[in-house]
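Enquirer: What follows is the residue order along each chain.
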Amino acid sequence: MTPNATAITVFVTLFLFVTVIGFVAARWRRGNLNELSEWGLGGRRFGTVVTWFLLGGDLYTAYTFIAVPAVLFGAGAAGFFAVPYTILVYPFVFAVFPRLWSVARAKGYVTAADFVRGRFGNGTLALAVAVTGIVATMPYIALQLVGMEVVIAGLGIDMNPTLPLIGQVHDFPLIIAFVVLALYTYNSGLRAPALIAVVKDLLLYVTVIAAVIIIPAELGGFGKIFAAADPKTLILPAATAGSLGPQAAYATLALGSTLALFLYPHAVTGLLSSSSRHVIKRNAVVLPAYSFALGLIALLGTMAVAAEVKSAPEFAEGFKAFGNNFAVPALILKMFPSWFIGVAFAAIAIGALVPAAIMSIACANLFTRNIYREYFDTNCPPAREAQVAKIVSLVVKLGALFFVIELPSTYAIQLQLLGGIIIIQTLPSVVIGLYTNRLNPWALLIGWAAGIGSGVWMAYANAFKTSTYVLNLFGLQVPCYAALSSLVLNLIVSAALSWLLNAVLRTTPSDATVEADYA
Amino acid sequence: MAGEPKPRRFRAIYLLLIVPYVAMLWVPSYNSVEPTLAGIPFFYWYQMLWIVLGVAVLLPVYISDERSGK
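Protein chains in written order, with the working numbering: chain A, 6 to 524; chain B, 4 to 73.
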């Protein structure tokens, strides 16, 4: 692709701007960055507005904005499940997660695994929750890089330039972007993505609003856009006598994703950094604004079909390299003037930086609190704890970078698909644990293992290509999101074994929390 | 800890939160092209509409919570 000088200038300027913000953020609402709750949770001081930007930037990632429309572009209606998913997640957050915030505040918990450790008094279960979080998040960070790679390539920047002295470097722009990100995250902690999220979200809303006004007007209205889509995939196929079909997959994907989202470490970090439980409740009411933007962005996939980007020779190279993930960048390249391409692509690239930073901080918090301090350095002073977390955040990002540069991007996509399946298995310990301590920790651990085992097996049976596994229920075929069906198994095992163990052993729960901590 | 912990009281208004789940998980209720709105098939605009309705359902619960000082 030929480099687009105007677009590149706008893009690089915006990128430099957020870099400065990332470093300056250390001075914002100043705290002692040598404490983990200051570096890794922004001192739990973010109010409603900052939390709105932070969680918006954290949950609605660059990869989402590339991948969701890519599914609509390639497979039609099935990709729209992201909309019911992001509708259903907020009543759940509203009802459940203020309790997690309260107990974390009362007991100084920084991670979900900290809470599980306190609630059930079992280090092994807490370790399982921590490791699950780290493993589920790592490929997610790598995918943010994939999202960034797509737009950098779309600008026509040479991804593999030959540099003086060192020779050719693969993915050089990506390396630069990530090293810069790693440095200001190290320096400023969670304050950096929180401030950058404000810029990212403003750019994003501008882009979305412009796109839904300009593109349909140029393509002759929504009627013409949907007329260009394949009529077979415009809605979901109906159920047949023997199978509930894709509608069941659609509903279970929405529900399973809803239950999984706020178990991810980066979501927990975002929640716990808020200044009160009221901030979480208010955000459950106002965050759906992003869902609306996501719905509109999803429709860009259909618009890209109508704009016939796939058959355009100038985009052939991009589609060859990135598949349908190139649909939205191609649409933007085709429809907008150069300077606006720079703005839109910057929104996507910066949209990758924010979640990547928060995810690496969340992994660092988990490693430091629940592995390092628990097993290697029990009397770790606060300053060393913060120092370890900073270094781990660097390691995590380098790991993701290595992953994307050295391995095909399909690995990251497949692993992220597994991410939802494994993170949901912490739901009995974390979510049900918020309401009762009567579950036995060993039962929870066996349930967790059963859930992960069955979930990964179902994904393996699908050759890691899709996360919906067809269940055969009394002769009726039910395609079901593997995360949801394996969670049901996990819940049954956890509950049944808890009942059994409690009846046999008659142990009293070793619970460091009391009901008043949750209010 | 001072005093007995207050027992959790179930508040009926929280049942409102179930409404979006019924609406969104009952996929056959909206899996159709007609009626279209400004050229957008029902499947798409109905789900977008529920983003707004989801907030409309959350608001009374939020207000009730704040009034009872929770």
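Just so you know, the hints here were simulated from the structure itself, not pulled from any lab data. Since we're looking at a predicted model, the values are computed, not measured. Be aware that one or more of the hints could be misleading.
Partial list, computed: chain A residues near chain B (C-beta under 7 Å) [to be verified]:
1. LEU224
2. GLY228
3. ILE240
4. LYS286
5. SER296
Take a look, some chain A residues computed to stay more than 12 Å from chain B by CB distance [to be verified]:
6. TYR90
7. LEU168
8. THR307
9. GLU319
10. ASP382
11. PRO387
12. GLN392
13. VAL400
14. PHE408
15. PHE479
16. ILE497
17. ALA508
All C-beta atoms in this analysis are idealised placements derived from N, C-alpha and C, irrespective of residue type, glycine included.
Enquirer: All hints are to be evaluated individually against the structure, with a verdict given for each.
Expert: A quick look at each hint next to the structure:
Taken as an interface hint, A/LEU224 does not check out: its beta carbon lies about 11 Å from the nearest beta carbon of chain B, beyond 7 Å. Hint status for A/GLY228: holds, given a least beta-carbon distance of 3 Å to chain B, under 7 Å. Nearest Cβ of chain B to the Cβ of A/ILE240: about 5 Å, under the 7 Å cut. The hint holds. With its C-beta approaching chain B no nearer than about 6 Å, A/LYS286 sits inside the 7 Å limit, and its interface hint holds.
Among the interface hints, the one on A/SER296 holds; its C-beta lies about 5 Å from the nearest C-beta in chain B, closer than the 7 Å criterion. With 12 Å as the threshold on Cβ separation, the claim that A/TYR90 sits away from chain B is violated: the shortest Cβ distance comes to roughly 9 Å. The claim that A/LEU168 is not at the interface with chain B holds, since no C-beta of that chain comes within 12 Å of its own (minimum 47 Å). Listed as a non-interface residue, A/THR307 fails to keep its Cβ farther than 12 Å from every Cβ of chain B; the least gap is roughly 8 Å.
No beta-carbon of chain B comes within 12 Å of the beta-carbon of A/GLU319; the shortest separation is about 28 Å. At roughly 31 Å from the closest C-beta of chain B, the C-beta of A/ASP382 stays outside 12 Å, upholding its exclusion from the interface. Consistency note on A/PRO387: stated as away from chain B, and its beta-carbon is indeed over 12 Å from all of that chain's, at 26 Å minimum. No Cβ of chain B comes within 12 Å of the Cβ of A/GLN392; the nearest lies about 35 Å off, and the non-interface call holds.
No beta-carbon of chain B is positioned within 12 Å of the beta-carbon of A/VAL400; the least distance is around 38 Å. Once the 12 Å rule is applied to beta carbons, A/PHE408 is consistent with being away from chain B; the minimum gap is 34 Å. Taking the minimum C-beta to C-beta distance to chain B, about 20 Å, the non-interface status of A/PHE479 holds against the 12 Å cut. A/ILE497, annotated as away from the interface, keeps every beta carbon of chain B farther than 12 Å; the closest lies near 21 Å.
The claim that A/ALA508 lies off the interface holds: its Cβ sits roughly 25 Å from the closest Cβ of chain B, which is beyond the 12 Å cut-off.
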